[in-house]
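Numbering (the working numbering), first residue to last: 1 to 168.
For the record, the hints were derived by calculation from the structure and aren't laboratory data.
Every residue gets a Cβ at the ideal spot worked out from N, C-alpha and C, and that includes glycine.
Where hints are given, some of them may not hold.
Computed spacing ranges between beta-carbons, pair by pair [stated by the list, open to error]:
#1 Met87 with Gln50: 33 to 41 Å
#2 Arg131 with Ala46: 20 to 28 Å
#3 Val154 with Asn67: 15 to 23 Å
#4 Gly121 with Leu20: 16 to 24 Å
#5 Leu93 with Gln50: 35 to 43 Å
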Amino acid sequence: MRRLPSPSFSRYAQKLIETLPPPWIYVATSQAHDHEMAERIAAHRAQRHQGWQTIEAPHDLPSALANAPLQAPLLVDCMTLWLSNRMLANATLDVDIRALELALARRPGALVLVSNEVGQGIVPDNALARRFRDLHGELNQRLAVCAHRVVLMVAGMPLTVKASERCP
């Protein structure tokens, strides 16, 4: 198997969680629909050592958050894939996002969410891609509102966008 690099934001998030005592919980939202994605998932798994437990949650992320061990630090990788999974399932996205917000608010302990910033590229040429870009931007904004910290990775470097101790 060829070695596929892990994106810098995933590596950064993993290192943040690993500063805390284990067990660490990796909540995976990806699905292996093809060989290349299966290789990427395998590469991600290979980078996590034995202190990690994995929960697969490509669709029902709120339940995965609710059922994970309460005080264990959680890494959710990634919100972008979760949103695309829900869109492709023709889900009621407002309901899903609200359920996610409630599950996050109830979650004690450390939690790191990985997401992409898709709104900085070109305007997509089709309606589905534009809708995804718009919904993804809204999701990121809603998640950032009550986050204590928001970090944007630029060229593999962390850029702190928000650092506060409480929700506005």
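(message) 15 to 23 Å was suggested as the range; check whether the CB atoms of Val154 and Asn67 agree with it.
(response) violated, 35 Å
(request) Using the beta carbons of Arg131 and Ala46, state whether their distance is inside 20 to 28 Å or not. (result) Violated, at about 35 Å.
(request) Determine whether the Cβ-Cβ distance between Gly121 and Leu20 falls within the hinted range of 16 to 24 Å. (result) Since Gly121 and Leu20 have Cβ atoms about 33 Å apart, the given range 16 to 24 Å is violated.
(request) Could you tell me whether the CB distance from Leu93 to Gln50 stays inside 35 to 43 Å? (result) Because 36 Å falls inside the window, the suggested range holds.
(request) Could you tell me whether the CB distance from Met87 to Gln50 stays inside 33 to 41 Å? (result) holds, 35 Å
Hint compliance for this structure: hints 2, 3, 4 are not met, and every other hint is.
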